[in-house]
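K.L.:
Heads up: the sequence shown at position 197 corresponds to 196 in numbering that gives the first Met the number 0, and the numbers run straight through without jumps.
No lab work stands behind these hints, which were simulated from the structure alone.
Just to be clear, a hint being listed does not mean it is correct.
As the list claims (entries may be wrong) - Pairs of lysine to any residue, SDA-like flavour, derived with a Cα cap of 25 Å: (1) K231 x V242; (2) K231 x M158; (3) K231 x A116; (4) K231 x S119; (5) K231 x D115.
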Amino acid sequence: MNPTYGQALAQLRGAQKAVARSAPAYSRFVNRRWGRYLAAGAASRGLSPDAVTGISALCTAAGIAVLTLVPISVGSGVAVAFLLALGYAFDSADGQVARLQGRSSTAGEWLDHVVDAAKSVLLPLGLGVALWRSDEVDDRWVVLPLVSTVVTSVLFFAMILTEQLRRVHGVRSKADTDPGSRSWVRALLVVPMDYGVLCWSFVLLGVLPVFLGVYAVITAASGLFLLLAAAKWYRELAALDAVRAAGTGSSSPEQVPA
Numbered sequence: 000m001n002p003t004y005g006q007a008l009a010q011l012r013g014a015q016k017a018v019a020r021s022a023p024a025y026s027r028f029v030n031r032r033w034g035r036y037l038a039a040g041a042a043s044r045g046l047s048p049d050a051v052t053g054i055s056a057l058c059t060a061a062g063i064a065v066l067t068l069v070p071i072s073v074g075s076g077v078a079v080a081f082l083l084a085l086g087y088a089f090d091s092a093d094g095q096v097a098r099l100q101g102r103s104s105t106a107g108e109w110l111d112h113v114v115d116a117a118k119s120v121l122l123p124l125g126l127g128v129a130l131w132r133s134d135e136v137d138d139r140w141v142v143l144p145l146v147s148t149v150v151t152s153v154l155f156f157a158m159i160l161t162e163q164l165r166r167v168h169g170v171r172s173k174a175d176t177d178p179g180s181r182s183w184v185r186a187l188l189v190v191p192m193d194y195g196v197l198c199w200s201f202v203l204l205g206v207l208p209v210f211l212g213v214y215a216v217i218t219a220a221s222g223l224f225l226l227l228a229a230a231k232w233y234r235e236l237a238a239l240d241a242v243r244a245a246g247t248g249s250s251s252p253e254q255v256p257a
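Could you build all of it, start to finish, from the sequences and the hints given here?
P.N.:
If you want it as structure tokens, here you go:
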């Protein structure tokens, strides 16, 4: 028997996984909560985690379709923002449903990552098509979402690969459950890289010069983060190689910041 919405919500409050130290503010404090409400509704209706992932993909695809096919306006921008944000909330919900139902799986994790990889490329490409179709801006602005496509795809791949290589060395990421000021500062500093902020930035799409300015800042901040993170990850992995080569690795898994 499926739990009621209230029962599922109560169980989910006690089944939250630790928050990664790198989690930005919107994802951490807003999207996770919205995902919990959606997860409770999905669980009360007996939906599987993969079904929730599918709903997330459909919402995101609908948002990208509106962006690509509908002429740029205030209304289309609001619709795109809402659909993308809803898809992101369902993206948070699928893992919570899996934990609630005890149905976490490698296949489900794979599906979730594939959907994330697809949207990280398709969203900026969709924006590029929208700008190319618009008469409001110079065609040279199409370069901006192309740069964003490169940054987001490389960053996504680098994050996933780094995590997998850490596991090869027996290292697991360390989640930060400290609610102190340092955690809040870190969450706020990485806001420009927050996918949720990117989603809601499309509310400004109808005021195209303003939107492009915001989007340029997000892209530049993400590019800077990629450069800094890539250097950090390379040094970290090189240090793990050195430890293994020296034969002084610990027998128990280490923990490193996310």
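K.L.:
Under the criterion that the straight-line Cα-Cα distance not exceed 25 Å, is the pair K231, D115 satisfied?
P.N.:
holds, 23 Å
K.L.:
With the threshold set at 25 Å, check whether the alpha-carbon distance from K231 to M158 stays at or below it.
P.N.:
holds, 11 Å
K.L.:
Given the hint that K231 pairs with V242, test it: the Cα-Cα distance must not exceed 25 Å.
P.N.:
Holds, at about 17 Å.
K.L.:
If you draw a straight line from the CA of K231 to the CA of A116, is it 25 Å or shorter?
P.N.:
holds, 22 Å
K.L.:
Please work out if K231 and S119 have their alpha carbons no farther apart than 25 Å.
P.N.:
holds, 22 Å
In summary, this structure violates none of the numbered hints.
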